[in-house]
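One line per chain: the protein sequences are A and B, in this order.
When we follow the working numbering, the leftmost residue of the first sequence carries the number 1, and every step to the right adds one.
When we follow the working numbering, the leftmost residue of the second sequence carries the number 1, and every step to the right adds one.
These aren't lab readings, by the way, just hints derived from the structure by calculation.
Mixed in with the good hints there might be a few duds.
Cut-off 20 Å, straight-line C-alpha distance, at most; resulting in silico cross-link-like pairs (DMTMM-like, lysine to aspartate or glutamate) [claimed, not checked]:
1) A:Lys127 / B:Glu142
2) A:Lys277 / A:Glu248
3) A:Lys46 / B:Glu49
4) B:Lys46 / A:Glu49
The calculated label-pair distances, taken between Cβ atoms and stated as ranges, are [said to hold, decoys possible]:
5) B:Glu49 / A:Arg112: 25 to 35 Å
6) A:Gly279 / B:Glu49: 30 to 40 Å
7) A:Met88 / B:Ala393: 27 to 37 Å
8) B:Ala141 / A:Gly128: 16 to 26 Å
All C-beta atoms, glycine included, are put in the ideal place defined by N, C-alpha and C.
Listed below are the residues making up each chain.
Number of protein chains: 2
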Amino acid sequence: MARLVMKFGGTSVANVERIRNVARHVKREVDAGAEVAVVVSAMSGKTNELVAWCREAAPVYDPAEYDAVVASGELVTAGLLAIVLKDMGLNARSWQGWQIPLATDAAHGAARIESVDGARIIAGFAKGEIAVVAGFQGVHAETGQVTTLGRGGSDTSAVALAAALHADRCDIYTDVDGVYTTDPRVVPRAQRLDRVSFEEMLEMASLGAKVLQVRSVEVAMVHNVRTYVRSSFDDPADPRLGTLICDEEDIVEKQVVTGIAFSRDEAQLTLRKVADKPGVAAAIFGPLAEANINVDMIIQVVSDDAATTDITFTVPGAEFDRAKALLESRRDKIGYTALQGTPDVVKISAIGIGMRSHSGVAARAFKALAEKGINIRAITTSEIKFSMLIDEAYTELAVRTLHTLYGLDVKA
Amino acid sequence: MARLVMKFGGTSVANVERIRNVARHVKREVDAGAEVAVVVSAMSGKTNELVAWCREAAPVYDPAEYDAVVASGELVTAGLLAIVLKDMGLNARSWQGWQIPLATDAAHGAARIESVDGARIIAGFAKGEIAVVAGFQGVHAETGQVTTLGRGGSDTSAVALAAALHADRCDIYTDVDGVYTTDPRVVPRAQRLDRVSFEEMLEMASLGAKVLQVRSVEVAMVHNVRTYVRSSFDDPADPRLGTLICDEEDIVEKQVVTGIAFSRDEAQLTLRKVADKPGVAAAIFGPLAEANINVDMIIQVVSDDAATTDITFTVPGAEFDRAKALLESRRDKIGYTALQGTPDVVKISAIGIGMRSHSGVAARAFKALAEKGINIRAITTSEIKFSMLIDEAYTELAVRTLHTLYGLDVKA
Numbered sequence: 001m002a003r004l005v006m007k008f009g010g011t012s013v014a015n016v017e018r019i020r021n022v023a024r025h026v027k028r029e030v031d032a033g034a035e036v037a038v039v040v041s042a043m044s045g046k047t048n049e050l051v052a053w054c055r056e057a058a059p060v061y062d063p064a065e066y067d068a069v070v071a072s073g074e075l076v077t078a079g080l081l082a083i084v085l086k087d088m089g090l091n092a093r094s095w096q097g098w099q100i101p102l103a104t105d106a107a108h109g110a111a112r113i114e115s116v117d118g119a120r121i122i123a124g125f126a127k128g129e130i131a132v133v134a135g136f137q138g139v140h141a142e143t144g145q146v147t148t149l150g151r152g153g154s155d156t157s158a159v160a161l162a163a164a165l166h167a168d169r170c171d172i173y174t175d176v177d178g179v180y181t182t183d184p185r186v187v188p189r190a191q192r193l194d195r196v197s198f199e200e201m202l203e204m205a206s207l208g209a210k211v212l213q214v215r216s217v218e219v220a221m222v223h224n225v226r227t228y229v230r231s232s233f234d235d236p237a238d239p240r241l242g243t244l245i246c247d248e249e250d251i252v253e254k255q256v257v258t259g260i261a262f263s264r265d266e267a268q269l270t271l272r273k274v275a276d277k278p279g280v281a282a283a284i285f286g287p288l289a290e291a292n293i294n295v296d297m298i299i300q301v302v303s304d305d306a307a308t309t310d311i312t313f314t315v316p317g318a319e320f321d322r323a324k325a326l327l328e329s330r331r332d333k334i335g336y337t338a339l340q341g342t343p344d345v346v347k348i349s350a351i352g353i354g355m356r357s358h359s360g361v362a363a364r365a366f367k368a369l370a371e372k373g374i375n376i377r378a379i380t381t382s383e384i385k386f387s388m389l390i391d392e393a394y395t396e397l398a399v400r401t402l403h404t405l406y407g408l409d410v411k412a
Numbered sequence: 001m002a003r004l005v006m007k008f009g010g011t012s013v014a015n016v017e018r019i020r021n022v023a024r025h026v027k028r029e030v031d032a033g034a035e036v037a038v039v040v041s042a043m044s045g046k047t048n049e050l051v052a053w054c055r056e057a058a059p060v061y062d063p064a065e066y067d068a069v070v071a072s073g074e075l076v077t078a079g080l081l082a083i084v085l086k087d088m089g090l091n092a093r094s095w096q097g098w099q100i101p102l103a104t105d106a107a108h109g110a111a112r113i114e115s116v117d118g119a120r121i122i123a124g125f126a127k128g129e130i131a132v133v134a135g136f137q138g139v140h141a142e143t144g145q146v147t148t149l150g151r152g153g154s155d156t157s158a159v160a161l162a163a164a165l166h167a168d169r170c171d172i173y174t175d176v177d178g179v180y181t182t183d184p185r186v187v188p189r190a191q192r193l194d195r196v197s198f199e200e201m202l203e204m205a206s207l208g209a210k211v212l213q214v215r216s217v218e219v220a221m222v223h224n225v226r227t228y229v230r231s232s233f234d235d236p237a238d239p240r241l242g243t244l245i246c247d248e249e250d251i252v253e254k255q256v257v258t259g260i261a262f263s264r265d266e267a268q269l270t271l272r273k274v275a276d277k278p279g280v281a282a283a284i285f286g287p288l289a290e291a292n293i294n295v296d297m298i299i300q301v302v303s304d305d306a307a308t309t310d311i312t313f314t315v316p317g318a319e320f321d322r323a324k325a326l327l328e329s330r331r332d333k334i335g336y337t338a339l340q341g342t343p344d345v346v347k348i349s350a351i352g353i354g355m356r357s358h359s360g361v362a363a364r365a366f367k368a369l370a371e372k373g374i375n376i377r378a379i380t381t382s383e384i385k386f387s388m389l390i391d392e393a394y395t396e397l398a399v400r401t402l403h404t405l406y407g408l409d410v411k412a
């Protein structure tokens, strides 16, 4: 007998009518003989409403109480879905994070799952019961307080639950029908991928693809959970399977480049004529790390006078002003002649496990972009991807150029 | 050191600004040196929204899942109040029903409290922590599922918690400033009572006064919890104490009649010429009881032919149509010549512990109403109250007449 975890996000459970549609998807799998646990998010908009109340209550709100408030949204959806399933004549029960229990650490607002006890839910399966699980939340064992996993945490709930239940599959139902070679809104000829490896998906999610939360892919990879990304908008009676995220071993034909990701949420900062001596990097990046500003690409170029160096790096767009102010306040300690920067940059990445065994993959991209007159501001590479920082105005041109270059366009 | 339970209902926590006002009331008591547990309801309108979703999900919804959904409203208020209190520099923590735990039976939707464990909250007091408790909810120990206490259940949560914590006082903050001799909207000269006994309050709540849930008064009486009804709209810096509900022993001057209650939610049914023989009452009231229709006043009058009898009784207004249909369907089994009825009746009651030692109290009422031309359709009495069924059109006239008759009008 197959055992499945099915996860439905906020837009898929936006109102009771949509929840009824979710129930039809669940019924299809149950009718086919599967044991099913369903993980649900809050109805879309509800979490934002709860967060807004917390902000109104206090500018700096207590994170544990914030969790107690915002985790309530998923309880509503789980209860409503259980009601609908029972009304359809199925056997179902809702599960709150503490009831399972799904134990986390105490990092309220962004807690990490420590353990998931599958025993009670499996006992329910033996009685023919569908488990309807409130996503996004857990409980901290010592304090007994409710915790949340952070935005998009329901994906992680689902994958971790699938691992605990030894499920055959974890289906993440979303508003797209799978993982694409790139964003179809930018490249209409983008293709849905049948399979993508955990490593590639992890890079794609980290580099800007929004289809899955990074942490959920990590958990899927560690526990080798076969995870499908598929559409909740498909006909419940005849859905497609979407994209399988799986072990590299299960992918027969490895593409050199599997996908092109891009992130507009980048900003570039450059410090001119920094003394080229030991300790200067620490003087710059130490304070940024302490301020919880995440630095990504770093490049260092020796200045024309050879005794100093120009240092360029990127930070998340939302941190641009804060990073700039911090560096300005430390100008004397660091020592530089000018601080320049712009939030109008984009990071474009090509990802593919085939890169491991092919050389010159990135070089082809540099040449193709140069031919289109696109200036590359910075480059970083790793084993299965490379990223380039370019002017934001060239985003679409660069993405389309690379998509065609690596043979990803759908055949006409 | 005083130990208090403070309870705030839906209109007192309707939005974040009102929750901030509640926090000021709490701060006043904490600043005065009290250990405080606060019980809160859902923000007004939220429970109705959640109930409406359950109804939309299924016409006959699963009661356990209904509880999981509707209990979420109180979690939001409790978390928000804890955030506001912490923002004021106070030490606070929210408590969900299962965290206390507040254990109930399994009667989902109208569960009864079985036990309240005060130990964790008292341990919090020792650390200077204010407990903010989500009202209306508990947990069933065997299933681990969330239960709710039924509408108005937060009053009962508060009183039961006060008993478990051995609190000196339970303050029920509401949108009125106490218990009145009758509804001031009907009788502008109604007076606020300084003290009312548990027994009287129980009758008043049962007979139509909406200020407190009946069950909460029962719990207060059993555990002898000194309970104040007071206004959340008072200035938090200078509030009044409202009405104390207390043991009869603590009331020095016992009124013959303390208050006049009335309930418009009544309907009258009369069966004409029922055979006057054993078993006929069972044939009528047995099926009504099985259908969960609550029968209140019953009067039986021998018909003019002496071999038959007319039977009149009341049911809740909402059950009128159902009761009528049920009796019509059983006409052959019961045997009657006509079924008559009207929902346009009202039950008016006078309540007072002084009735025990005074005779002729009700007779004065019958005479006074007759003088105003008000026909009494039925009468019931008990040790400390009597009730009369009259035409609904005479409600205000009858209430004002009795209020003046028993000397309850405020002195001009």
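Now the hints, each set against the structure:
no.	hint	in the structure
1	A:Lys127 / B:Glu142	holds, 17 Å
2	A:Lys277 / A:Glu248	violated, 43 Å
3	A:Lys46 / B:Glu49	holds, 13 Å
4	B:Lys46 / A:Glu49	holds, 13 Å
5	B:Glu49 / A:Arg112: 25 to 35 Å	holds, 33 Å
6	A:Gly279 / B:Glu49: 30 to 40 Å	violated, 59 Å
7	A:Met88 / B:Ala393: 27 to 37 Å	violated, 48 Å
8	B:Ala141 / A:Gly128: 16 to 26 Å	holds, 24 Å
When held up to the earlier numbered hints, the structure conflicts with 2, 6, 7 and fits the remainder.
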